[in-house]
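Visitor: The task is to assemble the complex, starting from two chains supplied on their own in separate frames and drawing on the hints.
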Amino acid sequence: MSAVMELPVIRERGQREVFCGLTGIVWLHRKMQDAFFLVVGSRTCAHLVQSAAGVMIFAEPRFATAILSERDLAGLADANEELDRCVKQLLDRRPDISTLFLVGSCPSEVIKLDLQRAAERLNEQLMPRVRILNYSGSGIETTFTQGEDACLRSMVPHLPESTSATAELMVVGTIADVVEDQFSRIFSQLGVGPVHFFPPRMARELPPVGPNTKLLLAQPFLGETARALIARGATLLSSPYPFGVNGTTAWLKAAADVWGVDEARFTQVTAAPAERARVALARLRPWLNGKRVFFFPDSQLEIPLARFLYEECGAELVEVGTPYLDKLMIAAELDRLPATAQISEGQDVEKQLDRCRAARPDLTVCGLGLANPLEAEGLRTKWSIELVFSPVHGYEQAGDLAELFARPLDRAQRLAV
Amino acid sequence: MELTLWTYEGPPHVGAMRIATSMKGVHYVLHAPQGDTYADLLFTMIERRDSRPPVTYTTFQARDLGGDTAELVKSAVRDAYERFKPDAMLVGESCTAELIQDQPGSLAMGMSLPIPIVPLELPAYSKKENWGASETFYHLVRTLLLPLAPPAGSPPRESVVTVTARENRRPRCNLLGGTALGFRNRDDVREITRLLQDIGVDVHVCAPLNATVKDLQSMPQADFNVVLYPEVAETTARWLQKTFGQPTVRTVPIGVLATREFVEEVGKVAGVDVSALLDRERAGSAQVDASRSLLPWYSRSVDSTYLTGKRVFVFGDATHVMAAARMAKDELGFTVVGIGTYSREYARPIRDLAAALGVEALISDDYLAVEQRVTELAPELVLGTQMERHIAKRLGVPCAVISAPIHVQDVPARHSPQMGFEGANVIFDTWVHPLMMGLEEHLLHMFKDDFEFADGATPSHLHASPAATAGDRPARGETLGGQRQTPFTARAAIELEAPEAASAVGFAEEEDEMDAVAAVAVAPTVTSWLAPAEAELKKIPFFVRGKVRRNTEKYAHENGIAEISVDTLYDAKAHYGR
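Listed in order, the protein sequences are those of chains A and B.
When you read off a place in the first sequence, starting at 1, and then add 15, the result is the number in the working numbering.
When you read off a place in the second sequence, starting at 1, and then add 487, the result is the number in the working numbering.
Chain B extracted, bound-state conformation (with noise of 0.2 Å):
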């Protein structure tokens, strides 16, 4: 049993649902108990679909255990058929019906139906959302195609620009990943259908979002793969490429920079010039020119210098996290002090980016152990999922979406990419916003005492409702931080005797929420703190107290100093900086 506060994924089934909704004409029957109907929400609400998710339920009750849940199963892939007359069908678990183990894959395959029927064994025990999306577009993909492979010993297939000339037409790709619900996908295969586009290179099937069966079918046609999202697309990309030898491009194109080289790529695999976008996207002019990114100026822009070092802790799928480390580090000169993701399957990589930004790797699915280490590394800023959000809002510390999980205002209406060119246009506003800006930065740090703009409020240019600034608790205000949100903490505090209570996490009676976790965090080597020196520790500005006070402590307890004094604080600021 794992105690899961907040779980970064779904079951493996709902990846399965996503790879359904995302295509055309592709029913999934799914054996599970009433009430798991709860995940259409996700698409019919948190992704505003106008239609039902193709699929259909056996929503078996307590009352069906003791009869036949089989013929359930098989009456409903019937009535399914009947119907939605779908061109291929998906069928499966979800975890319950794991349990009573009706094999419902089989019986369907049984059924002689004249159309493909993919069986799904998704273990719900083991494995999670993404997997169960990767698994499922790889059987249904190969389901379909394995009857076209060319039998073995055929000849290599031939180079694409030899195809290519031959045929005289345009280089086209398949674009790999996409699905519902996937974070932004809608925007990122937009984009970069457009900036194939603008390469020469054409999009023949874009799958599985908006595919059809015969898209699927048609998928050799094209001369390489391009694998947008890895945590989806990597193995039936592999399949592909050993199958019908059709090339891979595995550059994900989050960031300008990788952007670049995923141009470099597509170049090299689909033999075209590309060197006159790359010229004009590397143009040093100062010119702000629309026509391509506009991050690179905006964030050597004298504005923009305050974001120097700015600490921030990023975590989210690997895809995401690797690209926005990336971007963090190199694109907005941001200091990044951790990185972490909850897709296992990427831990590797993920551990080798940590070790040469020279931090530690997160590889947890564990919100718990998450909230740990951001509360560890006191960040000014994080980059993660929306359970983050949950996080930062505890802490105090300003926090923008970059992955899955995401609810529904991370499905925006205004075409918002994270990937190409405008992508990072997007990234570059929505990863600054949080941020207080560089004047009210350092007007905070001279006059601590305003009433207006007091110390630890939230930045003014984001609304919080005055009746949340003035201490209340906050009804709905996302954007608060500090404050303390549990009305009866301190009653039961007072109330209860165990002495482990006063130490927990959130539970210490300080006033600034991130000093006081902080503090536990390092409580064994913590000696004192004397008042004069405690009262200093306040001029500093809320975002960056957590480190200092951090700093100060650990820079005393390696010296031996028993009680921090003014001196020891500025000392230790000498040795380690801000």
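If we strip away everything but chain A, and leave its shape as in the complex, we get (with noise of 0.2 Å):
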């Protein structure tokens, strides 16, 4: 934790081009399939959400927003009343819904609509066939994948108390059903077990959490939910984040370690696929090395991926932007990055681009609102919003992880017009 206030950060403020946490909606829906995101706001977040996840076409939509009127605005409507109407006919549309999220927004925040006496008031009359929860997703409050930290944060209360006797690993953070089977596996041949996914599935598959918990958190955006697990006796194990090689074998000894499994039992399962992950590297690294990366500020995803780019792709990072340095979750990761990465926090998103054109990076890593701009003006992006959309966690996805970057370098080669 050290480094951290060693580091030199850029800390600014002014336009921040970020999306807001309602945009978690967009994975967690297809997380929880029984799960269903009802945002309390205006139109502006209607169509935030379906301008994101529009393009697929729904037959059973698994989000709405109940949009405020003036009338709401003026006190004419009873708002608890007007929310229990759309809550009631929305459940009436969709019967099979375990769980109801409410997703407070900027307008209900600023007239500060009581989100969560509301769920607790619609939980009495709705358990057990629906509970209802609620956080913000607002933009005042969260930042894009902060979202799905407010969400499991929400969810916490609710997991049952644990009455194993002995160690249990929870991991933290949505990831592809995939990655969570190849977890599982190799948590199986270590012998480290039993190991519980939040969140699940289905969200009526609640986790248990207790003071045997351990935590390993394969998303770095989580803060609030790790603390809230914390608070109900769970330990955190400190780790990089299992991006490429390194990161995945420093997260899985984190918990190897607490489970005592032995350094060649350790090798013996993990072996064959860091090698594997090693040859599906060193295909790209050619593409990589070398090359100058520019992180703008999105998902808090940055500085553990800016990590696995220097450290195993042989990248230069110029800058690495975050929305928001939590040191409880990145310390890990960031005693590994180069003292020559510039690290900033927060945006001013005008001063940022200067220095992103000064620079001239070879590859610049940014929301989709910069990154055609950006590509007319002669620089090769990654759009960042993709990182959070793919299976990249673990051994396996090390390569794929690898080629998201190497791609529009390989593209920009292709492309004769």
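Among the hints, a few may not be true.
No farther apart than 25 Å at their CA atoms in a straight line, the calculated lysine-lysine pairs in the PhoX-like style are these [stated by the list, open to error]: (1) B/K816 <-> B/K1034; (2) A/K268 <-> A/K229; (3) B/K511 <-> A/K366; (4) B/K614 <-> A/K127; (5) B/K572 <-> A/K366.
It is worth saying that the hints were derived from the structure and are not from the lab.
Guide: In structure tokens form, the structure reads like this:
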């Protein structure tokens, strides 16, 4: 943690070109198929979510917005009655929902609509058929992936108390189903377990938590969730995140050490997949070796990914921007970054663009609002949201992760027009 | 509060962004919380623009709310002016900023910047995107042109013919309403500009799309205005007519007939002879002549006979719905079974049109109400927006997009106008494509149990993944119809005991979702179907089965028949026709 203090970090405030936490709904609705996300907000919120996800055609939408009207703002309509009516209408249409998230937004927070109490009230009427939870995905409170943090955080009080007398592992953070299965296999070969994943694939099947729960975070943006789980007695295993060979090995090792897995067994289990990952990375390394990379802030994945690109792909780091630097979450990663990498927290997008243009990096990792405009200026970009939507964790995906960064460079070389 | 699964329009400030982004040299300072920059993606991704929208956001956060958010606005305005040096600036709020009431417009006006500032008042909790675009365009034009308005009591403007004769030039018009993120506006503008050229009329200024502040200031020099998109430009055109005496052409040239009328109207207003062009377009010959619209011949060719009386439902913005309904009826020979719009401002003309078509108009921005109506009407084709594609997928009905809201696939690289004679060609192809081809439809009628060309399967000229046709949950099979989409629905049905659950839409235990939904819609009047009748019903092709079921049940109800037999089915068929 001392490393954080010593690092010269650019801290900026100005225009931030980032998503709000509502965007988390776009992947959370797929992870937990029996959950529904009801945003309480304005037409802007509805428009955001559908602009992000509406290219997919839904026979059964899994998210919606209760749009506030002037009557609600003027206090003419009882907001609680209105909300109850919307929830009833929704549940009539979708009786298969087991968990309903009431998601707070900027408007609902500015007018101080108490969704917490609304959730409690609705729970009294609807449990056990449907559990109602609430969290804030507002832009004023949360940035992009922090929406997942807030969502998982809201589930923590409802996790059953673990009765286990021995250690249990909880892997925290949404990861692709295929990655979850890979990790399950490795943990079982190591003799680490029982293993629970949080969030679960079905929102009604919540994992237990207790004093014997060891937390392994798969995502760096889950500070609030981690703290809430710690408050319920769980212990956080500090580790880099499972990106690339090094990250994955260190991450697995953090758990293996708790379970007393001996070195030989650990090596025996991880050697083959680690070697496979190295082979896959070697194929892609020429694309990234020596390439100068610039990260705009987006998801808090920037620092672990920059570490991966630096350590395992030979990339140089120009600037690594993150929307939020959570020391508890990121300490084990920061230690491994080179001193030459400029870290920045927060954003003044115009100034950051000036720095980016001046540096002319070989690859710029940025959001979709900036990607095409920067391409048009002759910079190669990797749109950052894809890193949240793709299976990128673990050994078997190390090559895929490198390829996500190599692909824009490959494409630039292929195109003759 | 209003439960909204999908919204047809964005908030009004997105309309304002569309105006700013359409133009050059106009900057927009938007007081908005962190996260509202998502709207940039509409332009950089959906429309694939190669530059950032000219929008500066204040992106305030929770910690700013305790402090001076007004100061945030001022520094944003100052910085935006210094950095971008625009010729005019729009200043406004998003929905959240509207709640904290910093009056950004007045703040900016008080900063004495040396450019025109247009403060925008866009009530986000009562108005929507198109209204926002229309208001913004109007206020921008008004701010720029009011100083140029002729003083009260000036003589009326001379006729176009007089002026053009004296100045010895072709008549010229402004082309109003095209915007960024408009449905096919890029190509419509190109097509109509070409068409006007053909009849001897020049386009003076096209606005807001691609216009500069200087362009807007020169708008009064045009002889008349053409309103392509009334949702955006009607207010402005009316003001220009009142203030500068410019006549307005209001026919929207979507469809062959409407384009002919448009040409006639322009001819009349501009005083030019358009008969040569109209004669060419009216030539009744069966010759395929690429110099004119192919729709009339394609639609007359015998291959199109099976399109006759296809039952279509039309929904979208008012302009595109009115055009599409007319085309569907008069140019493709469909039967329009329902129309509707989310543009409340145009409720009256839509109702009038519905009355003329003998159908009921649906004026609603409630996606669930639209879904309900489509379910009840059980059409064979839905012409709608991106949102109707969701409905059509759920019901297994073919669908084509005719109006915004749209997604990225409706901003294609190829020339794809909706307007003018080429627009009619594009529309013919687009609407017919999702329908099952004639031969396949006939054969399906005769042989139902084929292992490959199964009942209810996707038309074979459309792609579907093999896994999907085997009944698995489709990964991204947009074209799938019929199959149940939610894997856990059945399980939930067993687990839940709520009596209303079993009859909820999309929840009944029937193999054909469309049938299930249709049955639910008329549930109170249904008596029962005898097994042989049910079996006979299954022999009717899936795309008309919902309609036949409804008609039969209606017939049974009206005739006091308690149990529907095979005879009832055929009695009803004879009574109603197909």
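Visitor: Look at each hint and say if it fits the structure.
Guide: Comparing the hints with the structure gives:
{"no.": "1", "hint": "B/K816 <-> B/K1034", "verdict": "19 Å, holds"}
{"no.": "2", "hint": "A/K268 <-> A/K229", "verdict": "13 Å, holds"}
{"no.": "3", "hint": "B/K511 <-> A/K366", "verdict": "23 Å, holds"}
{"no.": "4", "hint": "B/K614 <-> A/K127", "verdict": "23 Å, holds"}
{"no.": "5", "hint": "B/K572 <-> A/K366", "verdict": "17 Å, holds"}
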